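Student: Chains S and W supply the protein sequences, listed in that same order.
Numbering follows my numbering, in which position 94 of the first sequence is assigned residue number 94; successive positions increment by one, without gaps.
Numbering follows my numbering, in which position 159 of the second sequence is assigned residue number 159; successive positions increment by one, without gaps.
It should be emphasised that the hints constitute simulated quantities derived from the structure, not laboratory data.
Take the hints with a grain of salt, since some may be wrong.
Facing chain W, a subset of chain S residues (Cβ under 7 Å, in silico) [to be verified]:
hint, residue
1, L89
2, F443
3, V483
On a predicted model such as this, the values are computed, not experimentally measured, just so you know.
Backbone N, C-alpha and C define an ideal beta-carbon position, used for all residues, glycine too.
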Amino acid sequence: MEFPILSTLTWLPVVGGIAVLLAARQGTALPRQIALAVAIITFVLSTLLWRPSLFSTATMQFEEFVPWIDAFNVNYHLGIDGISLPLILLTTFMTVLVIAAGWEVIRDKTAQYMAAFLIMEGIMIGVFSALDAMLFYVFWEAMLIPMFLIIGVWGGPNRVYATIKFFLYTFLGSVFMLVSLIYLYFQTGSYEILDLHAVGLSLREQQWIFVAFLLAFAVKIPMFPVHTWLPDAHVEAPTGGSVILAAIMLKMGGYGFLRFSLPVTPDASQSFDWLLILLSLIAIVYVGFVALVQQDMKKLIAYSSIAHMGFVTLGLFIPFTIFRSTGAFSGIALGMEGGMVQMISHGLISGALFLCVGVMYDRVHSRQIADYGGVVNTMPKFAGFMVLFALANAGLPGTSGFVGEFMVILSSFKANFWFAFLAATTLVLGAAYMLWLVKRTIFGEIANDNVAQLSDINGREFVVLGTLAVSVLVLGLWPAPLVDVMHGTIDNLIEHMMQSKL
Amino acid sequence: MKAALITIVLAPLVASVIAGLFGRRIGRAGAHWITILAVGLSFALSAWVLWQSMSFGGVLFNESIYTWMVSDGLRMEVGFLVDRLTALMMTVVTFVSWMVHIYTIGYMQDDPGYQRFFSYISLFTFSMLMLVMANNFLQLFFGWEAVGLVSYLLIGFWYKKPTAIYANLKAFLVNRVGDFGFILGIASIVYFTGSLDYGQVFERSGALSQGTVEIFSGNAWSAITVTCILLFIGAMGKSAQIPLHVWLPDSMEGPTPISALIHAATMVTAGIFMVARMSPLFELSEVALVTVLVIGALTAFLMGLVGVVQNDIKRIIAYSTLSQLGYMFVALGASAYAAGIFHLMTHAFFKALLFLAAGSVIIGMHHEQDIRKMGGLRKYMPITYWTALLGSLALIGFPGFSGFYSKDAIIEAVHLSHLPGHGIVYLAVLSGVFITALYSFRLIFLVFHGQERFDEHTRSQLKESPWVVTVPLILLAIPSVVIGMLTIGPLLFGDWFGSALQVLPRHDVLSELGKEFHGPLAMMTHALQQWPLWFALAGVATAWFFYLKRPDLPQSIAQTLAPLYRILDRKYYFDEFNQQVFANGAQQAGRLFWRVGDETIIDRTVVNGSARAVDWISGRLRGIQSGYLYHYAFAMVIGLAVLLAWLILGA
Chain S
1 MEFPILSTLT WLPVVGGIAV LLAARQGTAL PRQIALAVAI ITFVLSTLLW RPSLFSTATM
61 QFEEFVPWID AFNVNYHLGI DGISLPLILL TTFMTVLVIA AGWEVIRDKT AQYMAAFLIM
121 EGIMIGVFSA LDAMLFYVFW EAMLIPMFLI IGVWGGPNRV YATIKFFLYT FLGSVFMLVS
181 LIYLYFQTGS YEILDLHAVG LSLREQQWIF VAFLLAFAVK IPMFPVHTWL PDAHVEAPTG
241 GSVILAAIML KMGGYGFLRF SLPVTPDASQ SFDWLLILLS LIAIVYVGFV ALVQQDMKKL
301 IAYSSIAHMG FVTLGLFIPF TIFRSTGAFS GIALGMEGGM VQMISHGLIS GALFLCVGVM
361 YDRVHSRQIA DYGGVVNTMP KFAGFMVLFA LANAGLPGTS GFVGEFMVIL SSFKANFWFA
421 FLAATTLVLG AAYMLWLVKR TIFGEIANDN VAQLSDINGR EFVVLGTLAV SVLVLGLWPA
481 PLVDVMHGTI DNLIEHMMQS KL
Chain W
1 MKAALITIVL APLVASVIAG LFGRRIGRAG AHWITILAVG LSFALSAWVL WQSMSFGGVL
61 FNESIYTWMV SDGLRMEVGF LVDRLTALMM TVVTFVSWMV HIYTIGYMQD DPGYQRFFSY
121 ISLFTFSMLM LVMANNFLQL FFGWEAVGLV SYLLIGFWYK KPTAIYANLK AFLVNRVGDF
181 GFILGIASIV YFTGSLDYGQ VFERSGALSQ GTVEIFSGNA WSAITVTCIL LFIGAMGKSA
241 QIPLHVWLPD SMEGPTPISA LIHAATMVTA GIFMVARMSP LFELSEVALV TVLVIGALTA
301 FLMGLVGVVQ NDIKRIIAYS TLSQLGYMFV ALGASAYAAG IFHLMTHAFF KALLFLAAGS
361 VIIGMHHEQD IRKMGGLRKY MPITYWTALL GSLALIGFPG FSGFYSKDAI IEAVHLSHLP
421 GHGIVYLAVL SGVFITALYS FRLIFLVFHG QERFDEHTRS QLKESPWVVT VPLILLAIPS
481 VVIGMLTIGP LLFGDWFGSA LQVLPRHDVL SELGKEFHGP LAMMTHALQQ WPLWFALAGV
541 ATAWFFYLKR PDLPQSIAQT LAPLYRILDR KYYFDEFNQQ VFANGAQQAG RLFWRVGDET
601 IIDRTVVNGS ARAVDWISGR LRGIQSGYLY HYAFAMVIGL AVLLAWLILG A
């Protein structure tokens, strides 16, 4: 038997998290060190997965299979393809940074904080590698618990409202997914995700299942109009919580569409694609305007996240329109890979932006834009990073933020001129809200005493932001490796979903 | 060749990174030495490439350097295309950039951001080279946005100045509006040709000219027209054409060296270069050509007029730049691409010269920029005066100077054009000559001649600028005078650009013009019989009369023509309109969506509403569970009765 690397990646952080909890009594130094070590080891191990040659086809790799609940044919089945691989790496990468970012900032219950992030890391890797639908569901729901605790314990003053809103929203969505999964089990006698892909379903059945999945995934992404939990959750969450929420948890929705909605219910996806496209475009334009007028930095970035995730759903759901209007597959893969690239890129950039806000919040204890101004005068290094990430978020070519948007815009032009037109408004809107934020917070004369007393980022913060900056630039200047690992899986998925199940 | 090209591009980038990241360690001298050497190296190699391309002709190099990514069969690459058009642009860009680097040593002497400034302008040189050397649309867009980024950073270089950080945000956003059109144009090209590579796209341009885009259902528009106009919107942003010109005058908030480099000589001409590069596409759509022609003419005429009433020395030159860019677009619209590029080149030299001369004046005047507070500077700053005078003569198209050849060629090309509307455009560019001469010599007379209108303290410190400032002035003055005479023959009428610029025979105004061309000297004598020269002289004479002979007159004229003066002074109210409609409108829309859409409808009504509904229903239900047995028994009896009744009656 091969080394069970996916199980190791899933359970090592969980076990590590428990170890950190046990070490809590030893003060803060030891738990922190354990946490960082576990996170780094997990990240290093996860890089072993990066073997591009394995992912040239859609076949699942690194599979593990252990029967779990025989009565219902539930199995502990793990495996990854070209869609899950980049997301797993993103998870392990961001967790290291989040642990490092919380190093001396979290004074209260440090060990528990670190432990929560490690446990969450393991669960998220589980979500991305589960090949059994029930196992997937267990991880999917389990993920809520640590996030609930992170916001509820280390969050801001209005954290209770935010956590309940967050929990109910996402839980409500996923309950419908559970019903669908059970229905599918009755149809196939299996919870194997790949079996579900193959099952034949009538259009009506597919539509019901699609809508149930949609509720679960749309809330997670989040799509308009079920997005209002996100700004509240971000505002109340501690910095690390916001980072993981934006960087990884939102990607679960996009992953769900790719893993379930499109392959299991292709005909329903086709019949409802207008709705998804409409909601994506609303997210890009409407939410772009909303982001413009935010006074709270975290809310602004949260809204910008929603707008950027609009590109993900747009890229994933334009294939059918492209095929209808051009009669060819050309341009479809571009959009779907663009959506995937957008997920990874947004993970890095939004994470970085929330860390930047965290850096400012740690010093001034305010997230209000009006409380800042002229930060560059006292924090020149930090200002450099902030401007870089803001521009990356505005989709500047040369940064990762450009890649996905460019691909999706090119692709959506093939579907319809107006899709591309509305999507491209992000060039103006994104630049407007990000650079206006920069103008008001970073540039200008020193606005007040708080800003005058700011000290520039220390070595630890520099390393965290610097690592992200390098990643954002590398991915922007050379996205080929990332796109290459997806080709096999995406091509297979397109073939599968463009084929009617009826 | 490949190694040379990569060095040309990377040298400024490496220098920029070193000066930017390790600026403190290498010190001020280190920062300027490394960037000047790097850009100098780029210039030397570019000149060599130009020389090579002159001896070989055709396409010197067209290869990809690395593959950015391949998705869906669409190759996205970084690669260089070097033909004479590229080589010319590279040389002009690196030469002006090099001069500006040297000049900066003097201009930014006391600035705390010295190293950062060198890092930025070197980064700009890299971006601009990427733009002009691209062999595909992806890299073109990369360079396009990268120069925009550096422009943003440099306009806001003095980040404490509120006007500067307002201007840089405005510049970036207005450019983004252009890029919005540009990216859609690129998407359209990919849609119809399936490629981003220039060569392949031009080969398959037939697909574009036959294709249609249905933007409004039922209305099929020619794909080539839609594509070219979308690309042109990009050019309008970057090259500041009406109505996307509003950012350029404000960009003068940045340090003067970058006004010369970015906002006069190089970046703002990117749009011209792009349209010329796309000549195989634009030629296929007369609608697009007419659009270019008309927008260019409007900008040339209207913006020149605004220049006449400005009082800030840099803003006058900025409006002049807008107007001259308009001229270049007029040339492109008339299919005289070579004339557009020719004017781009001559303008790069003389306009960079004028800006640097203005900067020299600003140094001398201790950062006073209002020309009403200058006067008589000629005797204090002779080198600045003479070079500025040469630059102005070139700008107004005085016979023999470089601007004379390039501008006359444009005006004559429009005259010969057959496109609809060329008659009015001809009048606009012709009267533009008068306006150009008027504002140029208004500036010269008010700054260098006449009464000294500054205080004793300023006078006592007035002196000529140091050599790092004056040497670039002199080096730029030389091409400003002679480059037109030397190059007009081959550039315009000798098919020098070869296949880089493609013109359909029925649009080929330059070859028609070429029939009347008998060498640069003959063109000078011929000018005596032409309108433009007399318009220019009339402009100079008017400026002399109003600003030296009767300096009291302009005031009273402004009062008599108050409404007209106000319109010009407010720059046709473009800024007010944009602020009201777009800036405020967007915020109002945002607030409406947020407060009404998100907060009231979604959150308060639906989300909290459903929570309240659950609360309310459970409140009612709680009342039913009273705990009294007889309540339950009573409910059961009633239920039983209803059920029985329903069964009996139903049966």
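Student: Now tell me if each hint is right for this structure.
Tutor: Hint check results:
1. L89: At about 18 Å, which exceeds the 7 Å cut-off, the nearest Cβ of chain W leaves the hint on L89 of chain S violated.
2. F443: Given a least distance of 4 Å, the restraint on F443 of chain S holds.
3. V483: holds (5 Å)
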